[in-house]
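Order-wise, the sequence lines are chains H and R.
Residue numbers for the first sequence follow our numbering, beginning at 1 and rising by one.
Residue numbers for the second sequence follow our numbering, beginning at 1 and rising by one.
Treat the hints as calculated values from the structure; they're not laboratory data.
Note that identical chains are pooled: a pair holds if it fits in a single copy or bridges any two copies.
Restricting the straight-line Cα-Cα distance to at most 30 angstroms, the calculated cross-link-like pairs of lysine-lysine (DSSO-like) are: (1) K95 / K292; (2) K95 / K276; (3) K22 / K105; (4) K266 / K276; (5) K276 / K126; (6) K209 / K222.
2 protein chains.
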Amino acid sequence: MSQSTHTIPTSLGIDFGGTSVKFGVVRGQEVIGHAPAITTEDYQEAEPLIDAIAYVIENLRNQYPEISAIGVGVPGFVDFPTGTIHNLTNVQGWKNIPLRDILHKRTQLPVVVENDANCMAYAEWKVGAGVGIDHLVCITLGTGVGGGIITHGHMLRGARSIAGELGQTSIDYQGRQGAYGNLGALEDYIGNNEIAAEARDVYASHGIKKSIADCTPASLSKDAAGGDDLALTIWTGIAQKLACTILNTCWILNPAAVIIGGGVAKAGEILFNPLKESIQQQLAPSFLDGLKILPAHFSNNAGIIGAGALALEEANQAE
Amino acid sequence: MSQSTHTIPTSLGIDFGGTSVKFGVVRGQEVIGHAPAITTEDYQEAEPLIDAIAYVIENLRNQYPEISAIGVGVPGFVDFPTGTIHNLTNVQGWKNIPLRDILHKRTQLPVVVENDANCMAYAEWKVGAGVGIDHLVCITLGTGVGGGIITHGHMLRGARSIAGELGQTSIDYQGRQGAYGNLGALEDYIGNNEIAAEARDVYASHGIKKSIADCTPASLSKDAAGGDDLALTIWTGIAQKLACTILNTCWILNPAAVIIGGGVAKAGEILFNPLKESIQQQLAPSFLDGLKILPAHFSNNAGIIGAGALALEEANQAE
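From just these sequences and the hints, can you work out the full model?
Here's what the structure looks like:
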């Protein structure tokens with residue numbers, strides 16, 4: 001072992017997504033090692049998938065014996081103090097699973113289990129775009145819309161540690177009905193699939209026939225950058241809806257910064273310019289003063305890095 | 001002096017409203033003494049009004065020498081750490097006034113200055129409907145709509161200590177334009193005056209001519225209790241809009257309780273029943289489980305009691 005492996009704490013970050021479980025050996029803001037991802041749809045139940053995860057953990061620990069803690073980010077509601085998963089969105093057979101205790105028993109290492117969007121927020125706060133900012137809202141835009149919140153220098157978790165579900169907040173009290181019966185949820189307007197479906201309809205209403213595949217956020221941002229007026233209009237619409245939720249978090253939480261990540265945010269200025277304009281037009285000066293609207297520092301690795309960093313932090317506090 | 005005046009801490013709570021400044025000597029959850037209110041519109045500038053306030057403070061301290069701290073709740077944005085008022089809504093001449101330092105110099109007592117809705121939330125949390133609940137959202141419904149938030153056992157203040165402005169959050173991203181250019185602010189739908197104006201229009205559209213004075217929330221709740229179907233429909237509409245903001249605070253903050261106070265909340269079950277129904281229909285089970293929707297314990301005295309309690313708390317911490 002080199003000296004650095006003794007001095008720089010190293011952890012294992014696991015990003016448990018809707019389609020795959022990804023693994024990364026985390027040191028500071030870097031991922032220094034990987035293992036092949038596990039495809040979740042190959043598993044109908046929790047137990048065999050946990051076996052597969054434990055197998056990869058063992059292999060990685062043989063390669064990186066300096067791993068001193070394990071963090072898992074999962075797409076669902078987690079009771080953080082006990083590390084028990086209430087339930088997962090889009091993964092079968094995961095209900096009331098005490099994942100922290102199970103993995104701790106198998107590995108004898110400190111383990112934390114946390115919501116995936118909270119992990120991303122933690123990564124941005126500790127080693128990303130939000131370093132040193134103690135009042136922070138992070139929002140991640142993909143198939144779903146997730147959020148993580150830092151207030152007064154602490155992760156805001158709430159009574160049952162499931163706070164920060166920004167994608168479920170409403171932008172229209174009479175709007176579309178969402179997964180929980182909730183009306184007007186942001187996610188039901190600017191999730192990847194909803195953006196594509198709406199864009200296809202906008203083009204169709206102008207006599208332009210496009211497939212859903214030609215209307216992904218990635219395609220739309222390429223078209224907008226190329227000067228396609230309809231694509232630009234669609235992005236302005238996305239920005240106005242996103243602005244509504246960000247404004248609501250500002251009035252409620254008075255953050256110093258809002259960090260925006262995920263696939264949809266890769267549109268860059270095409271999204272950020274109309275978004276910032278919309279926020280400036282609608283927020284009181286005292287709230288605007290000093291408020292930063294920032295792109296996320298991390299992209300694909302945010303969940304792994306956040307889970308790994310959180311695991312080390314919690315392990316230190318427990319010592 | 002009786003023995004109790006030595007053992008029970010006593011403070012002076014000042015409720016600085018848009019129309020008057022009210023004073024109360026606070027002991028626990030009781031107001032044991034009052035002084036006549038000062039009418040704010042008699043004063044065009046801050047300085048003479050501060051003189052008048054200082055005069056009343058001196059008189060009350062002569063009557064109650066056991067007063068050991070002063071708390072002031074104000075209708076506007078306050079920098080809590082310094083007790084400086086950024087600006088007040090509806091009171092002339094109050095911009096960047098270091099009220100805490102001014103009153104401390106005059107009285108030599110510990111002074112705190114805080115947003116009025118935060119004072120109400122503090123009263124409910126410390127000695128009201130929310131005692132022992134460490135994740136709490138308070139919302140107060142009157143001419144304006146205000147809020148105060150407790151998370152993880154602390155008042156949530158945010159980066160510039162102006163968090164909790166629930167009345168400014170949007171329920172419709174394409175809605176009415178509010179005081180700050182913001183679209184769809186809750187306050188612009190269910191403030192006292194907006195309720196009355198909308199109710200008058202609803203009656204008019206059914207051929208019933210009513211004055212604004214016959215459409216106040218108090219009148220509407222009397223009419224609804226008497227079986228007036230239109231009044232009941234109006235209250236259901238109010239509840240649906242209020243539910244949108246409460247649901248948003250639930251997704252964002254995951255509170256254990258939401259406390260609702262202010263004049264409009266006096267409608268009681270006529271408001272609370274459709275409100276609870278709307279929340280139950282739209283919130284995920286993990287968020288609903290154990291969530292309490294409660295009427296406020298205090299009514300008119302909440303601001304005074306909260307300011308007084310907060311002053312004692314801060315004075316103790318500073319010791």
